[in-house]
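Quick note, the sequences are listed as chains D and P, same order. So the first sequence is numbered by our numbering: it starts at 1 and just counts up by one. So the second sequence is numbered by our numbering: it starts at 321 and just counts up by one.
Simulated from the structure, these hints should not be mistaken for lab results. Check the hints yourself; a few may be wrong.
One side of the interface only, derived from the structure: several residues of chain P facing chain D at Cβ under 8 Å [to be verified]: (1) His-397; (2) Ala-462; (3) Ala-472; (4) Leu-476; (5) Met-479; (6) Leu-480; (7) Arg-492; (8) Pro-572; (9) Pro-601; (10) Ser-605; (11) Pro-607.
Just so it is clear, CB atoms sit at the ideal spot from N, CA and C, and this is done for glycine as well.
Number of protein chains: 2
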Amino acid sequence: MDSIGIDIGGTKIAGALVAEDGSIIRHTRRPTPAADGEAILDAVAAMVTELASDGSPRPVGVAAPGFIDLARSTVYHAPNIDWHNEPVRARLRERLPGWEISLDNDANAAGWAEWRFGAGRAVHDMVLLTIGTGVGGAIVTAGQLLRGGFGAAGELGHMLLVPGGRLCGCGRHGCLEQYGSGRALMRYAVELADAGGIGQGLARLRADRGAIDAEGFAELARSGDTGALEALRELGDRLGQAAASLSAILDPELFVLGGGVSIAGDLLVDPVRDAYLAHLPARGSRPEASFAIAALGNDAGVVGAADLARSAGAISRAAD
Amino acid sequence: MDSIGIDIGGTKIAGALVAEDGSIIRHTRRPTPAADGEAILDAVAAMVTELASDGSPRPVGVAAPGFIDLARSTVYHAPNIDWHNEPVRARLRERLPGWEISLDNDANAAGWAEWRFGAGRAVHDMVLLTIGTGVGGAIVTAGQLLRGGFGAAGELGHMLLVPGGRLCGCGRHGCLEQYGSGRALMRYAVELADAGGIGQGLARLRADRGAIDAEGFAELARSGDTGALEALRELGDRLGQAAASLSAILDPELFVLGGGVSIAGDLLVDPVRDAYLAHLPARGSRPEASFAIAALGNDAGVVGAADLARSAGAISRAAD
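If we strip away everything but chain D, and leave its shape as in the complex, we get (with noise of 0.2 Å):
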């Protein structure tokens, strides 16, 4: 049965009826109404019944950005939107009254919708890092989307990577989200340019930085500018200690890096994965996981969420 996806995300929202194989029947987005989680309801609601165009109900997954419990129900906090301990499902199904409708986070939707189709689709144990303006995570093991005892587990932009290190928005010091995501690259970026010495690329960057998206930067990074391959091979050291640390944890066969500056390819790749082998415990004695880029790009939150609908996040898949 098709189901629909809906991705709530800081600016949109997207939203998708998706087929079984993970396909995209149709699509449709809107703004997001800023902090008004009242509004916010409304607009999933009209995109749901916008999307089943028959009128007949269909499993709904929606993904927001926050911590939702293990009942898939009830957003225990979202950042930028008003909620606090919210009913989301109860309120969305007094919306859609007779509509199956459950909630994930978005960066677990996505996890699932790379692991199910996407760039996992071949391995059993996956991680997804998403290196986009923060940084976000997800854990798929044994066929199981990892939830945690709340719900909240996959965060891994919030796992410790430098003990009294920056301070976080999360409230902690020293967080991946400080020194992996786009945010971080534009300051090693910065702090190069600085320092002096480098392309002249990264200087008109820093001149024009306000204006730099990650597109930006993977294209000058891949026009050869020692600077930008600098900054990069930076972030890439910090993620790969990172995924060194949840090697030793999880042991994934393979992490996926997806969100914004995923866009640089191999020039991310080959970092972190460079900077992962020099960091993993008792290598040579142990498997060494994989690294791929996310292959579902900006799709990968409705697609997971659609499919969590019909899944909860549990698939037997079949060892090869």
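Given the coordinates of chain D, work out where chain P should sit on it, guided by the hints.
Positioned in the frame of chain D, the structure of chain P alone reads:
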């Protein structure tokens, strides 16, 4: 059906015939033939035959240190034993024809036992940290022992705590084991004694440190010795940082603290919990884990190995 668990330790091999409820029907032990894999296999086979006094084959679970493959048949690498990609299950089957044999990592077996029958029996998601000479670990999530993609998950002593920090036996710098183990506790105590101004107890400990064990240390702390308490607090601070990071990744309901140092009880749990709460990302916006001391002591390895021989590490536990 009862089953047999064997736990291969650094100094002794423990074995038990274990009932389905986790209780030990009969046990036995032998010194570990140092480094000699063949002699260890001979000892294990003899212990199995001894424990199954009626001679009828039962499931046998063997817990061993080191990395064990996902098929639970081969030891990739074990510290202090000459096993490298050693097909231990096949070698044991040669000695015990007709018996079903499976292998697990020793800390994973202990964690499974605590989750099934011990401190974690009331929760779904649990992390075990064993604080002995080194630091070991195990993860149970959604009723499954987390083995990872290659079988090497749960090596929590080798999660990265301090980038560029102390060199670890695994070849990497800054592993948790260098900051959160019994060996680190001793180091903290000696450093405090060197710095002066601490209680007579630690000065005596320092003079006599070769002979101090976890029990002696815990007694000193319980007697109110300032230095011993401060060293435990320093250890707890590091372990709490690691637990906060593990909450971001795994979000367990419960952390169970085991291993020799856990004999200190609340004098260990309290500082770990304090540091955990101080370092928890987004505290106040998400649920918090609980902390408990392991309940099964030295029996956890044999009980877990015996149960894993039956259950393979996946149990559906009805929601409360």
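For each hint, the structure was consulted:
1. His-397: Cβ of P/His-397 sits 4 Å from chain D, so the hint holds.
2. Ala-462: holds, 6 Å
3. Ala-472: OK, holds: P/Ala-472 within 8 Å of chain D, min 4 Å.
4. Leu-476: Holds, because the Cβ-Cβ distance from P/Leu-476 to chain D comes to roughly 6 Å (cut-off 8 Å).
5. Met-479: holds, 5 Å
6. Leu-480: This interface hint holds because 4 Å falls under the 8 Å limit.
7. Arg-492: Result: holds, 5 Å to nearest chain D Cβ.
8. Pro-572: At about 5 Å, which falls below the 8 Å cut-off, the nearest Cβ of chain D leaves the hint on P/Pro-572 intact, so it holds.
9. Pro-601: holds, 4 Å
10. Ser-605: holds, 4 Å
11. Pro-607: holds, 4 Å
Of the numbered hints stated above, none is contradicted by the structure.
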